[in-house]
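Keeping their order, the protein sequence lines are chains A and B. All letters in the first sequence, in the order written, are residues 1 to 364 by full-length UniProt numbering. All letters in the second sequence, in the order written, are residues 1 to 364 by full-length UniProt numbering.
Hints in this document: simulated from the structure, not taken from any laboratory. For glycine and all other residues, C-beta sits at the position ideal for the given N, C-alpha and C. Careful: at least some of the hints might be erroneous.
Which bits of chain A does chain B cover? Going by a derived footprint, with three or more residues having C-beta under 8 Å, they are [to be verified]:
hint: 1; segment: 54-62
hint: 2; segment: 88-98
hint: 3; segment: 114-122
hint: 4; segment: 153-163
Over 12 Å on every C-beta distance to chain B, these chain A residues come out as not near it, computed from the model [claimed, not checked]:
hint: 5; residue: 30
hint: 6; residue: 196
hint: 7; residue: 197
hint: 8; residue: 224
Protein chains: 2
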Amino acid sequence: MTQPQTVDVPLEDRSYKIHIGSGLIEQLGTLCAPFIADRHVVIISDEKVASHYLPKVESALESVTSRGNSLVVDEGETSKSLDTCYQLWQEMIELPADRKSVVVALGGGVIGDLAGFVAAGFARGIDFIQIPTSLLAQVDSSVGGKTGVNLPQAKNMVGAFWQPKTVVIDIDVLETLDDRNFRAGLAEVIKYGLIMDDALFTRIESSMEAILNREPAIITELIQRCCQCKADVVTEDETETSGRRAILNYGHTIGHAIEAVYGYGEYLHGEAISIGMVAEAEMAKALGMVDDVFCDRQKAIFESAGLPTTCPAGKEEALIEAMTRDKKVASGKLNFILPTKIGDVESVATPGGEAIAAALKACS
Amino acid sequence: MTQPQTVDVPLEDRSYKIHIGSGLIEQLGTLCAPFIADRHVVIISDEKVASHYLPKVESALESVTSRGNSLVVDEGETSKSLDTCYQLWQEMIELPADRKSVVVALGGGVIGDLAGFVAAGFARGIDFIQIPTSLLAQVDSSVGGKTGVNLPQAKNMVGAFWQPKTVVIDIDVLETLDDRNFRAGLAEVIKYGLIMDDALFTRIESSMEAILNREPAIITELIQRCCQCKADVVTEDETETSGRRAILNYGHTIGHAIEAVYGYGEYLHGEAISIGMVAEAEMAKALGMVDDVFCDRQKAIFESAGLPTTCPAGKEEALIEAMTRDKKVASGKLNFILPTKIGDVESVATPGGEAIAAALKACS
Chain A
1 MTQPQTVDVP LEDRSYKIHI GSGLIEQLGT LCAPFIADRH VVIISDEKVA
51 SHYLPKVESA LESVTSRGNS LVVDEGETSK SLDTCYQLWQ EMIELPADRK
101 SVVVALGGGV IGDLAGFVAA GFARGIDFIQ IPTSLLAQVD SSVGGKTGVN
151 LPQAKNMVGA FWQPKTVVID IDVLETLDDR NFRAGLAEVI KYGLIMDDAL
201 FTRIESSMEA ILNREPAIIT ELIQRCCQCK ADVVTEDETE TSGRRAILNY
251 GHTIGHAIEA VYGYGEYLHG EAISIGMVAE AEMAKALGMV DDVFCDRQKA
301 IFESAGLPTT CPAGKEEALI EAMTRDKKVA SGKLNFILPT KIGDVESVAT
351 PGGEAIAAAL KACS
Chain B
1 MTQPQTVDVP LEDRSYKIHI GSGLIEQLGT LCAPFIADRH VVIISDEKVA
51 SHYLPKVESA LESVTSRGNS LVVDEGETSK SLDTCYQLWQ EMIELPADRK
101 SVVVALGGGV IGDLAGFVAA GFARGIDFIQ IPTSLLAQVD SSVGGKTGVN
151 LPQAKNMVGA FWQPKTVVID IDVLETLDDR NFRAGLAEVI KYGLIMDDAL
201 FTRIESSMEA ILNREPAIIT ELIQRCCQCK ADVVTEDETE TSGRRAILNY
251 GHTIGHAIEA VYGYGEYLHG EAISIGMVAE AEMAKALGMV DDVFCDRQKA
301 IFESAGLPTT CPAGKEEALI EAMTRDKKVA SGKLNFILPT KIGDVESVAT
351 PGGEAIAAAL KACS
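Throw the hints in and build the complete structure from the sequences for me.
The structure is reproduced here in structure tokens:
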């Protein structure tokens, strides 16, 4: 059995640990004891994840609290809305939850972002714990404190920086993750290699078969390395003010626009940013920042992971329109994170219409 | 002319200044220049305040930015809702506002709490500036970073701790504040004397005529002293975790219950906490913490300020029910802030049904 791993996120009084390994849901009582200690617990999950893991989580937490409730929402991105928050906040009052209650987010990225924001806003902020169940959430959204919901016009438009008390990543839950979602998660794993860790990128390139077979040792290793990358970035720039955290947005400016234009749900987030990275690498090439070798090598790894690298032509204008609405547009300027080599990126302000058009053309 | 006063709120990277004086709206450009510096501004106000002051504020800010929009909501507590937030967030996207935009809250407590939460949640938090226009907001809600909205079941149930970049208190705006609201604001002023500043209490007692005549010198002095009290408490306990900030809740446990049971709007907040302080002093008396002399002196000052000290009998059960739903109920225990003498209070956990009943009886 693979040894559990730990990653520290040192953020002064908001510091926490990420636990990564096999069989960790069974150990939730021990791992969460310091943060629950007989307090009232509200587990927030979605129908699909709840059907697989809610009883196990409830049972594991029984050793640390006698007071708990579970609130289950519909599966999918549509639950990441203010309406769902409103409903959950009302249900929490009825339980009643209070300002000492602890929210446990059990699910993928949608549940983590939603439950995190529900915790951030309830009684001006209560503690919460992340138990991410998708690969995407395990390597990205469960770490770093970004929480929030979508508005009809734009993704993640309303939210808060609200750090969890701990993150428990049980790799066994990936057993029930379908192939498409697993591959979408790999897009974020590959992104860490591209933006800041060339050794990780090479490791993924050379281990794709074992990764796609979900061998526990390589999966634990990849998640640990991604969480360490994320923790390093978040520690430097917790609230995305210094600019450092923005490197995580590689592929996301175009990726978010793709999600918005095609409707959330048509592409999974990981699929959209796979296309987004391919397009943004083309933009970097147009600006002379990378060459064909980089673009081909990047495209090849996404293809070997079974990820899409193009989307249908004809929506260029809508995509540009969606990008200017994206919250990363600061004072009218459009910023892109663009690669310079494997393991390094730079922020480029408003590369201009030509480079954007070239990028969009290349991905259609 | 009375000299402007300044109070510092030292909270590390969230520190800010409160400016108090006459004619400060005209000086907004100078006072806000460091926080706006040509950034996009969104002024949020209500219809009544906007009709008096919005053009003046817009004009004063023209010297520091060329890009501004004003969003005006209905007057009154009903605007302090998630529905209004949702509407404002959507309007802000359409403007478009972005993560560098600055929200200016121009109004009383409802607008400050609402606009502060709108700023806290938009793009995971953007800067905001408080321009409080009611006495209540000037001495209490505009300082300290508590923002939020009501749910149908409970007041201030959803929100965030989100500090303003500065607070500009122009006492001239009190000219358009009606007597009832002015007196309601005095309830919070008197509260500061009761909880932590016996000299302030004595000063109010001996100056009630000048205060009710709204003489600028005494008004500026009172607001400055209240803001200093609030700043001291907030600096010690920014997010209400150490317990110190809880002293500000004197009169509020019963006061909030009165507002909830009689419907927000029947009693003004200041009126409800005036009754709440009278009732909670009776509770303290029942517990042997204060004597008749204290209760009489406290009641007399509220009466001289023209504030209510009783509410109709017959709603005791509904009030107790509302209190247990109040967010200050931590893990099932009901906490009260009770006086021990003029200028000092203590936190008392669950004084028991008898003391609560005595308190409620005394205020009916």
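Structure-based check of each hint:
1. 54-62: violated (count 0)
2. 88-98: Holds: 6 residues of the segment 88-98 of chain A have a Cβ under 8 Å from chain B.
3. 114-122: It holds, with 3 qualifying residues against the three required.
4. 153-163: holds (count 8)
5. 30: holds (22 Å)
6. 196: Non-interface label on residue 196 of chain A holds, nearest chain B Cβ at 22 Å vs cutoff 12 Å.
7. 197: holds (26 Å)
8. 224: holds (27 Å)
Comparing the model with each earlier hint shows a violation of hint 1 alone; every other hint is respected.
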